[in-house]
Every structure is written in structure tokens, then in C-alpha cells.
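> Here is how the chains run, residue by residue.
There are 2 protein chains.
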Amino acid sequence: MKERTKHKTAVVLLHYPVTNREGDLITTSVTNLDIHDISRSCRTYEVDHYYLVTPILEQKALVDRVLGHWETGKSKEWHPDRFEALGRVQLLPYFHEVKADLNARYPGLKLEVAMPDARPLPNQLNYQQTREKWEEESEPGVKVIVLGTGWGVAPAFYSEVHRFLGPIYGPLGADGYNHLSVRAAAAIILDRLFGIP
Amino acid sequence: MKERTKHKTAVVLLHYPVTNREGDLITTSVTNLDIHDISRSCRTYEVDHYYLVTPILEQKALVDRVLGHWETGKSKEWHPDRFEALGRVQLLPYFHEVKADLNARYPGLKLEVAMPDARPLPNQLNYQQTREKWEEESEPGVKVIVLGTGWGVAPAFYSEVHRFLGPIYGPLGADGYNHLSVRAAAAIILDRLFGIP
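Chains as they are written, first to last, in my numbering: chain A, 25 to 221; chain B, 25 to 221.
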């Protein structure tokens, strides 16, 4: 497209509510690399905000430490690209606070929450179709892309989602292996929605 | 495409020869996460081989330890997807040994080495064009995608490259930010070349 989408955009990495392999509701840990890799991907694809969601307060200290490190003289000077990428990172305890933050920043713009899901669902658009739809919309809105950690987003969250995106497949489609890291999935999703092919 | 490419495919992550920010020739360290993330992306996109290239012998011990961990009972049982992904990982000291290994595995198949590069170069094809060209070729070959670490692949390596792929851009193209992690870049490149949109 050679220009930014008209919409405001956000990526949300949910550490809660997600499930473990048994389907129990858990909170996963924030990792240093999820902060760095996904913030750099967000910066590349001109995503306005990258939210980490966890109710565990100690995790906020970790995130502040990572962000603080890259704001200091030497690191900032040596890695201005990282400093720049991290500028859009924010940690919030719950998803409803993400929505409140976006509504406060962009009053009047409609929020649309999109989330990849491996289940075949009615009205599911693939990435190209979603991209075209968003490009065709006449009114700018706020497009929120939600990614899960652990064994996936808990069903309790589904009611927040307006649009389920398909899973990311390789050449064999649903018959293939589908265990990308969340960092790889985030990169591919942003490229499909906002990249120049 | 809903079927695997006819070609044999490999991803190579070069830890040598690469440069630092000053352009000096260096060897970077292998990281646990580069092994995991990129092997899972390779598995998703049905890439046959994932080579880590470093002449530092101690790194081989690290890689063997990581691979060994996931081969043991508990880890293998709990994370069969990781075990499966790691099965295509191999560490070799130099790129010429990668070529020798591929030539030995696939005698008679022609090797083509492709590498993303930020410079605009003559005869450069974008990812879609490369994908179409590879699909149209009547003879199966071995397609080798080389990725750098550090501040990029050293010029001394360029003579190995048959095809330079373009850089990965976001919506602003060359005017935008271009500092994806190698894990994110690998995922996007494989999706562009082999994914189902």
C-alpha cells in the first residue's frame, strides 16, 4: 500500500486469561524476548500500540526494568532502533483496561477486536480478506489484534472478539504442523495485514 | 498451494561470517531461542533442513544439549511438537559444509542460494516473484535461504548467493523502520515463499 492504514492499530499479548495444556485457566509469565521481538515487529508494521496484559504486579517491575534499560544513555545510543520500538509498549493488568486506554486515546473511534483461532468458524475471513475489508472501510477505527500465550486464549475471552482470523498454515494447510512461536505468528500476521509483499 | 513445493528446502542461520556495527568480521553466539523459534517456523512451512553455522566448537555442545533435552522422555512426551521441529536442526562449522551435506543428501539436484538484502540490486525478485519462479521450474532443486545474525552477513559471503531477495518492509516501505528480529524475519520470509495466504 506504501502508506499506513487509516486505522489506529494495537497488538495485545495476553498472559491472562489463557489456558494450560489441561485447559485450566492460568497466567503465563512475560518474557524479555516477547517484549523485544514483538515490539520490533509492531514498529516495522507501524502498529501504534503493543500491550502486554497480565494481572501479576511483579511482572510490571520486570517490564519497567527492560524498558528502563533501553532508555538509558548507552543502550539508547547503541540501539536507537530498540529504544524506538519499545516506545509503544505498555503493560496493563486486564484487557478491559486496554480497551479503556484506547477509548481514551481515540474517542469516537470504534474498536474492533480480531484474534486468530484454529477452529473453522462461520463468517471467518482470512488475512487477505480482512486486509481488504479494513482498507475499504470509509471510517477510521481502532483495530486490535489479540494474541495468546500458554496453550491459547481462554474461552472466557471469546466474547470480547469481533472477528476471528484463521490460523496460520504452511503449505499443507490444516494437515500440517501448526506450532509457531507467538513471536513468529505475530510477525506473519502483521506482514499479512500490513506488509508490502 | 495446498501441497509442498517440489523443491528440497533449507534455512541457514549464519553466525559466521557476519559483521558487527563497525563492519568488522565477527562470529555471533548461537541462542536457544533462535534454535527453537526458527525450527518451529521451518517445521510449519515444511522446510527440510535448518542449519546453524558457527565454527566455534563450544557452541556445538550448547546445541547438542538443547537438542538432547527435547529428546529425553519427559520433554519429548510433553512437547512432541518441539521434538518434531528440532529433528531438522543441524550445526555445521562453515557454509561450504552445508553445501556438501545437501549435495550428499540430494545428488544431482542443483543448489540455489537465496538471501534477503536491504540493498536495491539488479535482477532482484521480490518474494512473490521468487515463489512463482520456483513453482514454475520444471526440475526440482535445493533452495537454500540464508539469514544473517549480528549486523548482517559479511560481504565475503556474497559470492555464495545466487539470488538476492528484497528486504522485508512494513507499510511505509524503505522509508519505514527495518529492524525485525531474525526470528520474525525468518517467519515472514517462509510465509511469503511457502505459506497459504
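Since the hints were derived computationally from the structure, they do not count as laboratory data.
Computed from a predicted structure; not experimentally measured.
Glycine included, C-beta positions come from ideal geometry on N, C-alpha and C.
Keep in mind that a hint or two might mislead.
As the list claims (entries may be wrong) - Residues on chain B that point at chain A, a partial pick, calculated with CB under 7 Å:
#	residue
1	R28
2	K30
3	H31
4	E101
5	D105
6	P146
7	Q148
8	R155
9	P195
> Now tell me, hint by hint, if it's right for this structure.
Now the hints, each set against the structure:
| no. | hint | in the structure |
| --- | --- | --- |
| 1 | R28 | holds (5 Å) |
| 2 | K30 | violated (11 Å) |
| 3 | H31 | violated (11 Å) |
| 4 | E101 | violated (11 Å) |
| 5 | D105 | holds (4 Å) |
| 6 | P146 | violated (20 Å) |
| 7 | Q148 | violated (14 Å) |
| 8 | R155 | violated (10 Å) |
| 9 | P195 | holds (5 Å) |
Hint check: violations occur at hints 2, 3, 4, 6, 7, 8; the rest are consistent with the structure.
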